[in-house]
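Participant: Position chain C relative to chain P; hints supplied.
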Amino acid sequence: MAKLCAIEYYLPERIETNDDLAREFPEWRMDKIGKKTGIYQRHCAAADECASDLAVYAAEKLFLSGVCKPEEVDYVLFCTQTPDYILPTTACLIQHRLGLRKSAGALDFNLGCSGYIYGLSLAKGLIESGQCRNVLLLTADTYTKLIKPDDRSVRCLFGDGGAASWITADGQGLEIGSFVFGTDGSGADNLIAHGGGFRRSTDFTQSCELSMNGPEIFKFALDTVPRCVRDLLDQEGVAQDSIDLFVPHQANAYMLEYLCAKMGIEPDRFLVNMHNCGNTVSASIPIALRQSGRFIGSSRSIPEKIIPIGFGVGYSWAACFLS
Amino acid sequence: MTKSTFYDIIAEIIEEDPGSVSGQELLTDLEGWDSMTVVAFLAVMDKHLSLAISPKELVEAKSVADLLELVAEKITG
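Protein chains in written order, with the numbering used here: chain P, -14 to 308; chain C, 3 to 79.
Looking at chain P on its own, in the form it has when it is part of the complex (with noise of 0.2 angstroms):
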């Protein structure tokens, strides 16, 4: 049985507050935005770390937590759509960099918001087909540098994060139970930067701009996440009561206090928390519960069953169930 044993996060040094966003737009009104979006800092990036570096600072701390140790990483798994290059594949210089192993595996997949469930589902399979037993699982981005310096409404959202979690077939954990997926391509044009690929052009001088739209975003969200939740409670067969914790991607405070109410869920078992973060993409759900204190290692109480949602860019979504 695949579990989850333990995650660590880091955000870089950098931060931007609503009040440095206030002086560079005076004429937005910051107070407000801060109260709906329920995001009030975002740590940035600096010009020359990247999303693997941010991984790289998470993995460093989970070996430091002497949790696992670098030589027992059977394979590691790399979500990002902020790569370090075309190519080589990043995880493979992750490898190099954390001292791991040369007989363990190491691949990137590209998802953002569901990235992590997806990553999750990886660890899952290749523990439980008998391929390995101990999968290192990093989740990070740094959307910051997509972003056009006058899009306002986007910077206020956005911000830089990495995760590591530690997966095995053995030791103290959530157990990783079933999956739902979802994908609907028809979105993709959505929530996209369009630049640094081979649709548009092979300049790759041109643009990378990320380019969002808001509303149909929302109303993705609204329409999937509550029939994503649904169906995997249907799967599992336990009621939406009996769940001690949801812990959707951290969009942002509206959205998430908005679904909240819709699927008649207490706000105290819907976790919402990236108010000194931002919304941090893949590495999004570990940082919440991490930060939460209702995770593996804190003095609170932890949460017995836990399902985490992720949804976005894609459009992609998938959630799971954690016991």
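There's no promise every hint is true.
Lysine-lysine pairs mimicking DSSO-like chemistry, simulated, CA-CA at most 27 angstroms apart [unchecked claim]:
1) C:K76 <-> P:K133
2) C:K64 <-> P:K20
3) C:K5 <-> C:K76
4) C:K64 <-> C:K49
5) P:K46 <-> P:K247
6) P:K20 <-> C:K49
7) P:K46 <-> P:K130
8) C:K5 <-> P:K21
9) P:K21 <-> P:K54
10) P:K21 <-> P:K247
11) C:K49 <-> P:K247
12) C:K5 <-> P:K247
13) C:K49 <-> P:K21
14) P:K247 <-> P:K17
15) P:K20 <-> P:K133
16) C:K58 <-> P:K21
17) C:K76 <-> C:K58
18) P:K21 <-> P:K133
19) P:K87 <-> P:K46
20) C:K64 <-> P:K133
21) C:K76 <-> P:K247
22) C:K49 <-> P:K17
23) P:K247 <-> P:K20
24) C:K58 <-> P:K20
25) P:K247 <-> P:K290
26) C:K64 <-> P:K21
27) P:K17 <-> C:K58
28) P:K17 <-> C:K64
29) C:K64 <-> C:K5
30) C:K76 <-> C:K64
31) C:K58 <-> P:K247
Everything labelled a hint here was simulated from the structure, so no lab data went into it. As the structure is a computational prediction, the values presented were derived from the model and not from experiment.
Facilitator: Frame of chain P, contents of chain C only:
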């Protein structure tokens, strides 16, 4: 939902007093109308009217009257 309730919901979204929206305004005239309030409008209409509004049509709306048109089927007077 009546028109006046609808106007009061718009006022609430932009954090103005009830009665402050008359239905004649252009959205550019409403100080608090921005990308977040567009999203709030979607959410509130979903909640109060169980109405899934097309985000494309919503973004194209120029006036409060255009917003009313989007929910016309649910307005009773």
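Participant: Each of the hints needs a verdict: does it hold here or not?
Facilitator: Against the structure, the hints:
1. C:K76 <-> P:K133: The hint is violated at about 39 angstroms.
2. C:K64 <-> P:K20: Satisfied, since the Cα-Cα distance of roughly 26 angstroms is no more than 27 angstroms.
3. C:K5 <-> C:K76: 10 angstroms, holds
4. C:K64 <-> C:K49: 23 angstroms, holds
5. P:K46 <-> P:K247: The hint is violated at about 37 angstroms.
6. P:K20 <-> C:K49: 20 angstroms, holds
7. P:K46 <-> P:K130: Judged against 27 angstroms, a Cα distance of about 24 angstroms means the pair holds.
8. C:K5 <-> P:K21: 26 angstroms, holds
9. P:K21 <-> P:K54: 42 angstroms, violated
10. P:K21 <-> P:K247: Holds, at about 17 angstroms.
11. C:K49 <-> P:K247: Holds: K49 (chain C) and K247 (chain P) sit about 8 angstroms apart, inside 27 angstroms.
12. C:K5 <-> P:K247: Distance of about 24 angstroms is within 27 angstroms: holds.
13. C:K49 <-> P:K21: OK: K49 (chain C) and K21 (chain P) at ~17 angstroms, within 27 angstroms.
14. P:K247 <-> P:K17: Roughly 23 angstroms between the alpha carbons, so the hint for K247 (chain P) and K17 (chain P) holds.
15. P:K20 <-> P:K133: Holds - the C-alpha atoms of K133 (chain P) and K20 (chain P) are around 23 angstroms apart, at most 27 angstroms.
16. C:K58 <-> P:K21: 22 angstroms, holds
17. C:K76 <-> C:K58: Measuring from Cα to Cα gives roughly 19 angstroms; hence the hint holds.
18. P:K21 <-> P:K133: Between K21 (chain P) and K133 (chain P) the Cα gap is close to 22 angstroms, so the pair holds against 27 angstroms.
19. P:K87 <-> P:K46: 21 angstroms, holds
20. C:K64 <-> P:K133: Roughly 26 angstroms separates the two Cα atoms, so the pair holds.
21. C:K76 <-> P:K247: OK: K76 (chain C) and K247 (chain P) at ~20 angstroms, within 27 angstroms.
22. C:K49 <-> P:K17: Distance of about 22 angstroms is within 27 angstroms: holds.
23. P:K247 <-> P:K20: 20 angstroms, holds
24. C:K58 <-> P:K20: This hinted pair holds, its Cα atoms lying about 26 angstroms apart.
25. P:K247 <-> P:K290: Measuring from Cα to Cα gives roughly 21 angstroms; hence the hint holds.
26. C:K64 <-> P:K21: 23 angstroms, holds
27. P:K17 <-> C:K58: 25 angstroms, holds
28. P:K17 <-> C:K64: 23 angstroms, holds
29. C:K64 <-> C:K5: Since the Cα atoms of K64 (chain C) and K5 (chain C) sit roughly 18 angstroms apart, the hinted pair holds (cutoff 27 angstroms).
30. C:K76 <-> C:K64: With Cα atoms ~20 angstroms apart, K76 (chain C) and K64 (chain C) stay inside 27 angstroms; holds.
31. C:K58 <-> P:K247: It holds: about 23 angstroms lies between the C-alpha atoms, which stays within 27 angstroms.
In summary, the numbered hints that this structure violates are 1, 5, 9.
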